[in-house]
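*Asks:* Chain by chain, the residues:
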Amino acid sequence: MEKLDPVSDKTARISVATHTIAALGRLTLSAGRKVFSALGGMCLLLCVTASNTITGLFVPGQRFGRDALIGQMVRVGVRAIPIVIIVQMAIGMILPLQMFSKLDEFGQSEQIATINAIASFRELGPLMTAVVLCGFAGASIAAELGTMVTSEEIEALQASALNPVRFLVVPRLLATVIMTIMLTIIGDVVMIGSGMLTAVNLGIDYDICFRLTREAVNLTGFATGLIKACSFGLLIGLIACFLGLSVKPWEGSDGVGRATTSTVVYSIVAIIGADAIFTVIFYSYGLFS
Amino acid sequence: MPTTGDNSSIIEVRHMVKSFGTQRVLNDINLDVYRGEIMVIIGGSGCGKSTLLRLLIGSLEPDEGSIKLFGQDLTGLSENDLNKVRNRFGILFQSGALFNSLTVGENVALLLEEHTKLDKSTIEIMVKIKLELVRLREHADKMPAQLSGGMKKRAGLARAIALDPQILFYDEPSAGLDPVTSAQIDQLIIDLTRKLHVTSVVVTHEMNSAFRIADRMCMLDKGKILKIGSRQEFEALRDTDVAQLKNQQDKLIRQFLRGDSVGPITDRNNSSDYEDDLLMLRLKSGK
Numbered sequence: 384m385e386k387l388d389p390v391s392d393k394t395a396r397i398s399v400a401t402h403t404i405a406a407l408g409r410l411t412l413s414a415g416r417k418v419f420s421a422l423g424g425m426c427l428l429l430c431v432t433a434s435n436t437i438t439g440l441f442v443p444g445q446r447f448g449r450d451a452l453i454g455q456m457v458r459v460g461v462r463a464i465p466i467v468i469i470v471q472m473a474i475g476m477i478l479p480l481q482m483f484s485k486l487d488e489f490g491q492s493e494q495i496a497t498i499n500a501i502a503s504f505r506e507l508g509p510l511m512t513a514v515v516l517c518g519f520a521g522a523s524i525a526a527e528l529g530t531m532v533t534s535e536e537i538e539a540l541q542a543s544a545l546n547p548v549r550f551l552v553v554p555r556l557l558a559t560v561i562m563t564i565m566l567t568i569i570g571d572v573v574m575i576g577s578g579m580l581t582a583v584n585l586g587i588d589y590d591i592c593f594r595l596t597r598e599a600v601n602l603t604g605f606a607t608g609l610i611k612a613c614s615f616g617l618l619i620g621l622i623a624c625f626l627g628l629s630v631k632p633w634e635g636s637d638g639v640g641r642a643t644t645s646t647v648v649y650s651i652v653a654i655i656g657a658d659a660i661f662t663v664i665f666y667s668y669g670l671f672s
Numbered sequence: 545m546p547t548t549g550d551n552s553s554i555i556e557v558r559h560m561v562k563s564f565g566t567q568r569v570l571n572d573i574n575l576d577v578y579r580g581e582i583m584v585i586i587g588g589s590g591c592g593k594s595t596l597l598r599l600l601i602g603s604l605e606p607d608e609g610s611i612k613l614f615g616q617d618l619t620g621l622s623e624n625d626l627n628k629v630r631n632r633f634g635i636l637f638q639s640g641a642l643f644n645s646l647t648v649g650e651n652v653a654l655l656l657e658e659h660t661k662l663d664k665s666t667i668e669i670m671v672k673i674k675l676e677l678v679r680l681r682e683h684a685d686k687m688p689a690q691l692s693g694g695m696k697k698r699a700g701l702a703r704a705i706a707l708d709p710q711i712l713f714y715d716e717p718s719a720g721l722d723p724v725t726s727a728q729i730d731q732l733i734i735d736l737t738r739k740l741h742v743t744s745v746v747v748t749h750e751m752n753s754a755f756r757i758a759d760r761m762c763m764l765d766k767g768k769i770l771k772i773g774s775r776q777e778f779e780a781l782r783d784t785d786v787a788q789l790k791n792q793q794d795k796l797i798r799q800f801l802r803g804d805s806v807g808p809i810t811d812r813n814n815s816s817d818y819e820d821d822l823l824m825l826r827l828k829s830g831k
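Keeping their order, the protein sequence lines are chains A and B. Note that the numbering used here has the first sequence beginning at 384, numbered continuously upward. Note that the numbering used here has the second sequence beginning at 545, numbered continuously upward.
Note that these hints are calculated values from the structure, not bench results. Yeah, the Cβ is synthetic: ideal placement off N, Cα and C, and Gly gets one too. Wrong hints could be hidden among the right ones.
So, partial list: chain B residues that the calculated Cβ filter (under 7 Å) puts toward chain A [to be verified]:
1. I601
2. N627
3. R630
4. I809
Looking from chain A toward chain B, a few residues come up when the C-beta cut is under 10 Å (computed) [to be verified]:
5. S523
6. A526
7. T530
8. S534
9. I537
10. E538
11. A539
12. L540
13. S543
14. N546
One chain only, chain A, in its complex shape (with noise of 0.2 Å):
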């Protein structure tokens, strides 16, 4: 056969170009089918969890673990509270004072207090705890339970007819969510504080500061706080449940490195993701008035 010279040759041209559509075409569908089969992999961890909790509870023959669950708690949410005051601290003091020359221009310097209360409750609260309990829970969960398939006890649970979802998934899972709701309380009133302190610094008397964020803070705006928090605390631990348990035996720790990280990256995307849909909701729903 003789050589096709693709630059002239017009058969070899359209068909450069259809290769490079159809590789174009094999890694989307390769890239849909490994994100499609994660997040069918995580729904269906998330139901076995969610059935499992329900039994634990209700079921008066199974046992609920109780222990494990302040155990993780405390894993996973006491020792991250340091972090999370220092964060939201710092937070509490850049807000005002980006803010303060151009709202001083209008003559609505005070408004900081306002904005700062909003902002806190409804969004940096949320969202920064969060991201600090990536890392704190996402990725420690997702190293822990990555080391324990490589070290064949995933295995050894199964074959000694225990669950380990049942067993591992939901101390975790319930931990994650419940220390996310907590920290992010904790969050928001070290964020408000700090921002008070920064402007009374900046020169806003304390009594319309007080004033101000006591009518920004209303219930809903508290709530819809809380609901964020809670719904990032669950795409956190599930997460990083999911990946640390994907994490094949002879992967080694290379797997459990894979795992960690990609929990970590994961985590923040869909923490974010997650607020802009939250945001987009609560807005059309007049919630933010």
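Chain A is fixed; fit chain B onto it per the hints.
*Replies:* This is chain B only, laid out in the frame that chain A set:
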């Protein structure tokens, strides 16, 4: 020969095939394990014996064929039914595979708490009994990270016998142990089998251990069973002069049993295209 005189098969494997992707790891496996005996499965690395063990405990499903434990086919069982079978056997994993967040005692107690309706004090007594059988009673409150390799295996063994299983599986019990500890584990395997009247299936490539504990042996090579027989048959094969063996397969088994560095296994592994490879290189560079 099985010591209890009971010839019924507690494990039956018929025409089992398992592939991973395109690679056929196990090919037409037929195996019987009789009640009360110690069956040792031997073979080199990569022969498929770990996969065989995983299939026997229900962690993997075969592509073809059947595996029967206690007369019940494992293939196609629901998770619930499989769990009922799992409560009747115990496994010692290669690294012990203890639950790292629990103490030794809690590791054993977990199975009793979950699968029996016994009260706390009874469970405590049973944990002490199991730990005493493996001589770890004083270490009940230690965490797995504080144990040596041999102690981890003994703790894993105590957990494996927690529910008084009828079959015990051992995955390379001597791996990573010094000769004395290895001999102690072997003696433990023999004692447990005789005292608890369990059937033991041991996967190993340590021939010293194998000849010490086996009633019958089964040799695997590249996913196929080469020979199943009594320990005496294998000992005879090991001690036969190589000149008296006609069969290439027997020579291969003999090399493995003796741990010889020269023989059919090493001949097979030596690449015959070394010279051709060099020649090709020379030809290529000459062009």
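*Asks:* Each hint needs a verdict: does it hold in this structure or not?
*Replies:* Hint-by-hint comparison with the structure:
1. A least Cβ separation of about 6 Å between I601 (chain B) and chain A falls short of the 7 Å threshold, and the interface hint therefore holds.
2. For the restraint placing N627 (chain B) at the interface with chain A, the shortest Cβ-Cβ distance is roughly 4 Å, inside the 7 Å limit, so the hint holds.
3. For R630 (chain B), the shortest C-beta to C-beta distance to chain A is roughly 4 Å, which falls under 7 Å, so the interface hint holds.
4. For I809 (chain B), the interface hint is violated, the least distance from its beta-carbon to any beta-carbon of chain A being 24 Å, above 7 Å.
5. Annotation: S523 (chain A) was flagged as interfacial toward chain B, and the flag is violated, the nearest CB pair being 13 Å apart, outside 10 Å.
6. Hint status for A526 (chain A): violated, given a least beta-carbon distance of 13 Å to chain B, over 10 Å.
7. Because the closest C-beta pair between T530 (chain A) and chain B is about 9 Å apart, less than 10 Å, the hint holds.
8. Interface restraint check: S534 (chain A) against chain B, minimum CB-CB distance 6 Å, threshold 10 Å, status holds.
9. With a cut of 10 Å, the hint placing I537 (chain A) at the interface with chain B holds, because the nearest CB-to-CB distance is about 9 Å.
10. For E538 (chain A), the interface hint holds, since its Cβ comes within 10 Å of a Cβ in chain B; the closest pair sits about 6 Å apart.
11. Annotation: A539 (chain A) was flagged as interfacial toward chain B, and the flag holds, the nearest CB pair being 4 Å apart, inside 10 Å.
12. Interface restraint check: L540 (chain A) against chain B, minimum CB-CB distance 7 Å, threshold 10 Å, status holds.
13. Because the closest C-beta pair between S543 (chain A) and chain B is about 6 Å apart, less than 10 Å, the hint holds.
14. Because the closest C-beta pair between N546 (chain A) and chain B is about 8 Å apart, less than 10 Å, the hint holds.
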